[in-house]
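Enquirer: Listed here are the chains, written in short residue letters.
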Amino acid sequence: EADIYQTPRYLVIGTGKKITLECSQTMGHDKMYWYQQDPGMELHLIHYSYGVNSTEKGDLSSESTVSRIRTEHFPLTLESARPSHTSQYLCASSESGQRQFFGPGTRLTVL
Amino acid sequence: AQTVTQSQPEMSVQEAETVTLSCTYDTSESNYYLFWYKQPPSRQMILVIRQEAYKQQNATENRFSVNFQKAAKSFSLKISDSQLGDTAMYFCAFTHKGAQKLVFGQGTRLTINP
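Just so you know, the sequences run in chain order A and B.
Using this note's numbering, you'd call the opening residue of the first sequence number 14 and step up by one each time.
Using this note's numbering, you'd call the opening residue of the second sequence number 109 and step up by one each time.
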């Protein structure tokens, strides 16, 4: 079944560690997005990609980086995690740039 | 720049009641799309309903319907016969034809009480 997956679902990590949040989709969508969302709050777009080897920064400045080497895979990396990075990270994909399909999210806590 | 405003941070109703969530948007585009997304507690965000601006008829999906007022730039969501499973954050979102991104509102936290 076509879907969008995120791992890990929950991550607790110490300050200064490098982390990679994984996002994969099996829907064949060209467009993929990363959002940052504090619990119960609005979504902030931090990165997006229109296809392989295409990445753009979103509306909210983020210290994270992304890559898009394969259509189905759009990982997000934090080189040195800090407590201010504690949040939920949502990945989404879209065929047309209109309707977006969301993953289950990764809840990150940096101690 | 396009903006989406949800003026109700929180709402609470009794089960089986009807509830309406408000959303207004600002755009100079004429061809665009509007969405309501639902994010249940600790669960995946899903699309509830979608409206295309050029369609005058309001979209309906079972108990969910919209009141789309294009001139007023208003896009409210009505949930009829509300159920406990409707408890969630609801986000209004906008995009225009040719755009690759969605603009989200701030969200409304809806609680359905037994």
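Hint data in this document are derived by calculation from the structure and do not stem from the laboratory.
Watch out, some of these pointers could steer you wrong.
To be verified - Below, simulated SDA-like cross-link-like pairs (lysine to any residue); rule was C-alpha separation at most 25 Å, straight line: (1) B:K178 / A:S109; (2) A:K44 / B:Q208; (3) B:K181 / B:T111; (4) B:K205 / A:N66; (5) B:K163 / B:T128; (6) A:K31 / A:S93; (7) A:K70 / B:Y141; (8) B:K186 / B:I154; (9) B:K205 / A:T68; (10) B:K205 / A:M40; (11) B:K186 / A:E55; (12) A:K30 / A:K44.
Enquirer: Does each hint fit the structure? Answer for all of them.
Expert: Now the hints, each set against the structure:
1. B:K178 / A:S109: The given pair, whose Cα atoms are some 23 Å apart, holds under the 25 Å limit.
2. A:K44 / B:Q208: 8 Å, holds
3. B:K181 / B:T111: It holds: about 11 Å lies between the C-alpha atoms, which stays within 25 Å.
4. B:K205 / A:N66: 24 Å, holds
5. B:K163 / B:T128: Measuring from Cα to Cα gives roughly 21 Å; hence the hint holds.
6. A:K31 / A:S93: Between K31 (chain A) and S93 (chain A) the Cα gap is close to 5 Å, so the pair holds against 25 Å.
7. A:K70 / B:Y141: 23 Å, holds
8. B:K186 / B:I154: 17 Å, holds
9. B:K205 / A:T68: 21 Å, holds
10. B:K205 / A:M40: 22 Å, holds
11. B:K186 / A:E55: 21 Å, holds
12. A:K30 / A:K44: Violated, because 29 Å separates the two Cα atoms, which is more than 25 Å.
Against the hints set out earlier in the document, a violation occurs for number 12 only.
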